[in-house]
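K.L.:
Chains A and B supply the protein sequences, listed in that same order. Letter by letter, the first sequence follows residues 1 to 278 in our numbering. Letter by letter, the second sequence follows residues 279 to 914 in our numbering.
There's no promise every hint is true.
As the list claims (entries may be wrong) - Interface residues of chain B toward chain A, partial, derived using beta-carbon atoms under 7 Å:
id	residue
1	VAL348
2	ARG369
3	GLU654
4	THR656
5	THR748
6	LEU750
7	GLY751
8	PRO754
9	LEU760
10	TYR781
11	ILE784
Said to hold, decoys possible - Restricting the straight-line Cα-Cα distance to at most 25 Å, the calculated cross-link-like pairs of lysine to any residue (SDA-like) are:
id	chain 1	residue 1	chain 2	residue 2
12	B	LYS559	B	ALA627
13	B	LYS837	B	SER783
14	B	LYS559	A	ALA42
15	B	LYS519	B	THR603
16	B	LYS487	B	ASP520
17	B	LYS559	A	VAL252
18	A	LYS32	B	ASP520
19	A	LYS109	B	SER744
20	B	LYS559	A	ALA57
21	B	LYS559	A	SER239
22	B	LYS519	A	GLY250
23	B	LYS519	B	VAL342
24	A	LYS32	B	LEU602
25	A	LYS109	B	SER749
26	A	LYS109	A	ALA42
27	B	LYS487	B	THR603
28	B	LYS308	B	VAL342
29	A	LYS277	B	SER749
30	A	LYS32	B	ILE611
Don't read these hints as lab results, they were simulated from the structure. Ideal Cβ placement from N, Cα and C applies to all residues, glycine included.
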Amino acid sequence: MSLRPWFVAMLLVVCSSFSAHAEGLLQPRDQKLFQAAVSTLARGAPSKAIDQFELLADHGVVHPDISYDRALAYIERARSPHAQPGDLGRAVAALSEDLALRPGDEPAKILLGRVRSELSRARSRSGTTSLLARPSLQRAIVGLLPENIWAGLALFFSLSTTAGLLLRLLASSARRRFVGATLAWLGLGLGITFAGMTALSARQRTRTRDAIVVVPAARLLDASGAALSGKPLQGADSSIPEGSRLAVLGQVQGLYRVEWGQVTAYLPMTELQLLPKR
Amino acid sequence: MNRPALVARLSAAVLTISGVVQAQVQLSTKAFPPRVEVGQRFTVQLTALASSSTCTPSRPRLSVPRGVVVQGPSVSNQQQVSIVNGRIDRRQGLSATWYVSSTVLGRLRLGPASVLCGGQLMSDRPVQVEVVAPGSLPSPPRLRRNSPFPIDPFDMFGDDDLSGRLFGPLQGLGTTPTAPEPPAQWPQELNIDRARDPTAFLDARAQPKRAYVGQQVTLQINAYGRPAPFQEGESVEPNRKDFLSYDLMDDSNPPDEHRIMIGDDTWYALQVRHFALFPLKSGTLQIGPMQMDFVSRSPFQRQAYMNVRRRSQTIDIVVVEPPLTGRPPGYQIGDVGSFRLSAEVEPRAINAGDAVSVVVELSGTGQLPQHLAVPEQTGVDWLDPSVTQEVSIDHDRVGGKRVFSYVVHLNRPGSIDLGTVQLPFFDADRERYSVASARLGVVVVRPGKQPPPDRAGKADSLLEGSTPRTSLGSVPPRARYLADRPRFFLWLLIGPVAVLAGYVSIVGVRRLGRAASRRRQSPRAQVNAALREATEALNHGDWASTASSVERALHLSVKSSTGVRSRGLLRADLASALRDTGIAANVAEDLIEILDACDRVRFERTEGQSVDSLIERARRLVDQIGSHKVKGTRAS
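Please model the complete structure; the sequences and the hints are all you need to start from.
P.N.:
Written as structure tokens, this is what we have:
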């Protein structure tokens, strides 16, 4: 019991040192800009605050709290007479960036849910139909578990294969040898499966980037920049709603190659905001 | 009420309504210039503005007399906002421009121009334009000859610019096209080092070739023809989709064709396109080629440019974004140029809830930004501005001014400092950022009768409980992934593979051991061991043991090679037994001789030197007997 206050005190010291470290990461120029942006936002001038937050991003400053404040600025402007098309989409992008950098940020999760609901309501009010996004089978299966869980399962079954082989080769009784052979074969099959899942998950993580649509409706294009139509869309409208999250596979001549559900198409780079890598 | 009276009252009512609408629609028609030559183009512009609550003007029309050619109209929307004592009067409408030319002389009466508004036709007053004979008006200065006469009497048929216009169809009659007189001077922008084609060619040039996003790139395309004066036939415009494009050529005053020298040859040169291009994005942007058919101006020299179609070069422009260093907050990519801001605010004292007018004028050179960032603050609501603009071209540089008229509601009593309107831009000439600014000053807001509208409640539902974070918290370390570890997938294999490899290696070692043991127990190994023992015994001077070892080696060799157990046979039988197995007679004799010698050494104690030779002879004999076995094996 006597250790508890000590523990809390040490925790506070560690947390404050982390905070100080985070502040210390900013150069004096960026620190000043951040403070100016926050005070501008508090003064009720979201457009100017957005400019300042975006300039911080241009300086390469990436921090979840800055992303959160930027999201607030965009939401505030979206509710003001100076709303710009795509403001709420940019707010979603900023909050997603915050959560990518700090996955446990509960206020950001709550705010993101509210903004997404607001966008859904706006779409319902306008009666727009958008392309339904069902993830591809591969992405759906790989997304069932986090990558490290796949990797852990692969390791576990690798070990079970090892144990089964040892039992099969070293045991003297026929029963133990049978158990060992079964374990080895089972471990081999599942180990290969889970290693494959790990590889696919790692490939998705390293070779694709998540991005958010920051325009009211992003219209899918083909590689030449013409509007996509016909079979790939399966009869759906070719526009992706604001705030949607999709996977960017690559880029070519000012266009991002994206995977939206089961459709692979192209979008202008200006209509998406990339999220930091996980 | 009788019928005539009813008709009269209805007519009066209609006229009254019509008059009210007419009074609320402002019409204005202007013609420019008011005096033109026959065939010269001029413009007629109608502006129609109506109160937003009345109607929206549409369908502009212009009636003209015979002999007048009309193109258009080109229609743009117009807005006008005026504030008198805090009361806002907003009008909207259109501006229609017609391009007109006349083939008849005299005072023309154009119009009336009209619009439809609320289902009624609204007409303005007609305008008048005086059309005079060609050459009656002062002509623009010419670049070539400094002749005081408008028509050169020595060049009536025309290769001269001016007379060529008047007598265009007769051009080429008075001179020999193949040997024209060398020109004295011509515009420098038509100069070119060498001809790219012996007959005709197009030359495109852009300046600068490396630009910032939003910086003006000037594109000029010149046409050059050698055989005769020419004009533009069918043409395909250059592709410039990555640029915002302004045409720098004056349609009312098209450029003249000039004679120029390229090397030692005289050519006809004409500027056919002149654009100000503003790159819209970064990267290597391409200006596509222009295609043009060359057509002779003279009907007598049609053959000179028969089927002559030429293309200009494709030009690559490297476009980059302005540097990040020194970039001010609020800078928008594309705002490149040199700009100034000025602002007027009136009135300076109002009641809370009323509005002031803020007129901000942005002027300068470059592509004028479409939007201005206004200084927002709580209690100050800026409505969307109405924008008017004038584009001007000064020495091939696009510029002008854009006026943003804002209505600003002030809801909070007190002295409100409206702040400063700022426009950060990049000055490409000086390679640095600047900020144009205009201070708006203070407005005194007296307490109003009505409470200011509460706009904050609207945002609460979304931002409820969300406040800006004023300090930066800790950032959790980035997630680490097992698959990112080097050789992760190798580690998955290492356990099973290690077990299998261990098992295989153990089995292998065991098999190798057994093979070695078998090798140790082989007859050949025993023979060699016996010979080694013989040598060791000889070294110790133990001749008897030496002889015994040699004898044992020979018997082992015979047994392993032939299967004959020589130790159990008499020497006399041994030779025949060996011959039966195919051993050569001399080998069998040598064997018996060595065995006899060994007996002698053992029992008669012969000298050591002969024992030494005995070992060598036994070794050779063993090899011979061994080779017999090998041969026998191969034969079998």
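K.L.:
Decide, hint by hint, whether the structure agrees.
P.N.:
We went through each hint and held it up to the structure:
Of the supplied interface hints, the one on B/VAL348 is violated, with its beta-carbon coming no nearer than about 37 Å to a beta-carbon of chain A, more than 7 Å. For B/ARG369, the suggested interface contact is broken, since its CB lies about 21 Å from the closest CB of chain A, more than 7 Å. Among the interface hints, the one on B/GLU654 holds; its C-beta lies about 4 Å from the nearest C-beta in chain A, closer than the 7 Å criterion. About 4 Å separates the beta-carbon of B/THR656 from the nearest beta-carbon of chain A, less than 7 Å, and the hint is met.
Nearest Cβ of chain A to the Cβ of B/THR748: about 5 Å, under the 7 Å cut. The hint holds. For B/LEU750, the shortest C-beta to C-beta distance to chain A is roughly 4 Å, which falls under 7 Å, so the interface hint holds. For B/GLY751, the shortest C-beta to C-beta distance to chain A is roughly 6 Å, which falls under 7 Å, so the interface hint holds. Interface restraint check for B/PRO754: the shortest CB-CB distance to chain A comes to about 6 Å, inside 7 Å, so the restraint holds.
Hint status for B/LEU760 relative to chain A: holds, with the closest Cβ pair at about 4 Å, below 7 Å. Annotation: B/TYR781 was flagged as interfacial toward chain A, and the flag holds, the nearest CB pair being 5 Å apart, inside 7 Å. Of the supplied interface hints, the one on B/ILE784 is violated, with its beta-carbon coming no nearer than about 9 Å to a beta-carbon of chain A, more than 7 Å. Our distance criterion of 25 Å between C-alpha atoms is broken by B/LYS559 and B/ALA627, whose separation comes to about 45 Å.
Straight-line distance between C-alpha atoms of B/LYS837 and B/SER783 comes to about 37 Å, which puts the hinted pair past the 25 Å bound. Between the alpha carbons of B/LYS559 and A/ALA42 the distance comes to roughly 34 Å, so the proposed pair goes past 25 Å and is violated. With a C-alpha separation of about 30 Å, the suggested pairing of B/LYS519 with B/THR603 is violated against the 25 Å cut-off. As the CA atoms of B/LYS487 and B/ASP520 are separated by approximately 14 Å, the hinted pair is consistent with the 25 Å bound.
Note on B/LYS559 and A/VAL252: the hinted pairing holds, with a Cα-Cα distance of about 14 Å set against a maximum of 25 Å. Under the criterion of a C-alpha separation no larger than 25 Å, the hint pairing A/LYS32 with B/ASP520 is inconsistent with the structure, at around 37 Å. For the proposed pair A/LYS109 and B/SER744, the alpha carbon gap of about 12 Å is at most 25 Å, so the pair holds. For the given pair, B/LYS559 sits about 20 Å from A/ALA57 by alpha-carbon distance, which is consistent with the 25 Å threshold.
Using a Cα cut-off of 25 Å, the hinted pair B/LYS559 and A/SER239 holds, with the two alpha carbons roughly 24 Å apart. Between B/LYS519 and A/GLY250 the alpha-carbon distance is near 23 Å, which keeps this suggested pair within the 25 Å criterion. A hinted pair counts as satisfied when its Cα atoms are at most 25 Å apart, and B/LYS519 with B/VAL342 does not qualify at roughly 38 Å. Proximity of A/LYS32 to B/LEU602 is assessed by CA-CA distance (about 17 Å); at most 25 Å being required, the pair is judged to hold.
Between A/LYS109 and B/SER749, the direct Cα distance comes to roughly 19 Å. Compliance with the 25 Å bound is thereby established for this hinted pair. Of the pairs offered as hints, the one joining A/LYS109 and A/ALA42 holds, with about 22 Å between alpha carbons and a cut-off of 25 Å not exceeded. The straight-line distance between the Cα atoms of B/LYS487 and B/THR603 is roughly 23 Å, inside the 25 Å bound, and the hint therefore holds. For the given pair, B/LYS308 sits about 14 Å from B/VAL342 by alpha-carbon distance, which is consistent with the 25 Å threshold.
Taking the CA atoms of A/LYS277 and B/SER749, the gap is about 24 Å. The hint holds against a cut of 25 Å. Proximity of A/LYS32 to B/ILE611 is assessed by CA-CA distance (about 23 Å); at most 25 Å being required, the pair is judged to hold.
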